[in-house]
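Colleague: Here is what each chain is made of, one letter per residue.
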Amino acid sequence: MATDGSDMVLYWASGSPSAWLALALHEKKLDKFKSNLLIMSKGEQNSAEVLAINPRGQVPTFRHGDNVVNESMAIGLYLESVFKNQGTKLLPDHPGHLALVLQRFMEVKNLDLKMRAHLVPIMMKGGIENVDKDVEAVNRKAVVNEFVIWEGHLQAGYAAVECFSLADVALFPSVASAVRAGLPGNRFPNIHSYVNRLYDRESIKKTFPPHWANSPGLNIYNDV
Amino acid sequence: MASDGTNIVLYWGSGSPPCWRAMISLFEKQLGGFESNLIEFSKRGHKSPEVLALNPRGQVPTFRHGDTIVNESVAICFYLENVFKNQGTKLLPEDHKELATALQRTLEVLSLAMKGRAVVYKQQGISDDELKQRKQDLSKELGVWEDYLKSEYLVGDNFSMADVMMFPQLAYFVRYGLVLDSYPKLKAYYTKVSERESVKKSWPPHWKESDGLTALNGV
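From first to last, the protein sequence lines are chains A and B. So in numbering that gives the first Met the number 0, spot 153 of the first sequence is number 152, and the numbers just go up one at a time. So in numbering that gives the first Met the number 0, spot 170 of the second sequence is number 169, and the numbers just go up one at a time.
Mixed in with the good hints, there may be bad ones.
If you want the ones that stay clear, here's a sample from chain B, every Cβ over 10 Å from chain A, calculated [stated by the list, open to error]: (1) E71; (2) Q103; (3) K114; (4) D127; (5) P204; (6) L212; (7) G217.
As a list, the in silico DSBU-like pairs of lysine-lysine whose alpha-carbon atoms are at most 35 Å apart [what the hints assert, rightly or not]: (8) A:K83 to B:K186; (9) A:K113 to B:K139; (10) A:K108 to B:K134; (11) B:K149 to A:K83; (12) A:K28 to B:K139; (13) B:K186 to B:K134; (14) A:K204 to B:K96.
Calculated directly from the structure, the hints in this document are not laboratory data. Each residue gets a CB set at the ideal place from its N, CA and C atoms; glycine is no exception.
Make a model of the complete structure from these sequences and hints.
Modeller: Written out as structure tokens, the structure is:
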């Protein structure tokens, strides 16, 4: 079994929650994985190559030697389990800290689902102005409520405990994209400070979405 | 640190798959001595001061082990398996290939759950066509799980965390009117796992006292 990731293949999509698996691989020093960045809008997630490993045609899709693991959270837990002794320790040993990391790791799903529920109708209809106002208002309230919860969680500087963990691997891409989409720093200073600080982290610099460098973010959250 | 669970507290609601997952895990890990607090959703028991003190989101399962709080049902399952790995049933395999499958199936149950909720908790105004589509999506998803069952359990021949997750979901669907005749392997799996000690001990109390529902008829 290689310990540099050279027997691993990851199919992922830039800027989406699936991007954070690439982050996890760098944290565990598995940098040599074969990285297949897919363009979702071209339907590449339904290519024969991806479907062969993931019949659901979803990303991320991951193979380690002959072992296939789909489902982003399963992949994160798999990597930390198999490679626990190398790279950053993403799950603490201390039971109390482990509990908090596992909980926050799973809690991120609340944020992702609410962001998606709010954004998908906007993307599909080509702009907020084209979405039913009442529906948008309900979804917006839900997602803002969720940002408030994470603003509170990030008081201590990281998602769960006092150092970078699996919970941060899951959380970072979502809050980074929220900040990019205009989440205001005056109302959410902890989230802003967290995102700006983590942009200096090696694994995050290496997985920075390529298309973000060339285009501005959508102004979705400016006036929350 | 062997334990029978007497320093563990669980707040739960009868029939809720996330709560059931946590309870099955507790019994599988021989932690049956936990303090069991049954709440009633209809009386907003999940928003009581006791629950909110441990879980500001006001959701169940809400769980405490000594001073350690763990909310999120999947986090509870992983926490218990990690902290009590040397007692009770081994819920995550050592072999990497089996571990990969166990972890994936465990998290995949969440997709199955979401598709079920889309039918059972459909909004008032949805069209007949939309409901029909959702039922078809659920049926297709159940077909995927029917295919996954190549052995006795979801990961080979050993009961694992994947089954801890899957069984409550499947039983919940059956309670809501899903007929398993078109899914023979799921039907056999359901019958078999229903007899497991941890499942019998945690069977939703109110299911024994009342009839099931019909939202999933025809799926």
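Colleague: Against this structure, judge whether each hint is valid.
Modeller: Hints, verified against the model:
Annotated as non-interface, E71 (chain B) brings its C-beta within 10 Å of a C-beta of chain A; the closest such distance is 4 Å. Non-interface status of Q103 (chain B) relative to chain A is broken: a Cβ of that chain comes within 10 Å, the nearest being about 4 Å off. The Cβ of K114 (chain B) sits about 12 Å from the closest Cβ of chain A, beyond the 10 Å cut-off, so the non-interface label holds. Residue placement check: D127 (chain B) keeps its beta carbon more than 10 Å from all beta carbons of chain A (closest about 20 Å).
Its beta-carbon lying about 27 Å from the closest one in chain A, P204 (chain B) satisfies the requirement of being farther than 10 Å from that chain. Separation of L212 (chain B) from chain A is adequate, the least Cβ-Cβ distance of about 25 Å exceeding the 10 Å criterion. Its beta-carbon lying about 24 Å from the closest one in chain A, G217 (chain B) satisfies the requirement of being farther than 10 Å from that chain. Proposed proximity of K83 (chain A) and K186 (chain B) is contradicted: the alpha carbons are some 38 Å apart, above 35 Å.
Taking the CA atoms of K113 (chain A) and K139 (chain B), the gap is near 25 Å; set against the 35 Å cutoff, the hint holds. Using a Cα cut-off of 35 Å, the hinted pair K108 (chain A) and K134 (chain B) holds, with the two alpha carbons roughly 24 Å apart. For the given pair, K149 (chain B) sits about 30 Å from K83 (chain A) by alpha-carbon distance, which is consistent with the 35 Å threshold. Of the supplied pair hints, the one linking K28 (chain A) and K139 (chain B) is violated, its CA atoms being roughly 39 Å apart against a limit of 35 Å.
Our distance criterion of 35 Å between C-alpha atoms is met by K186 (chain B) and K134 (chain B), whose separation comes to about 19 Å. Distance restraint check for K204 (chain A) and K96 (chain B): the Cα-Cα separation of roughly 31 Å lies within the 35 Å cut-off, and the hinted pair is therefore satisfied.
Hints 1, 2, 8, 12 from the list above are not met by this structure, while the remaining hints are.
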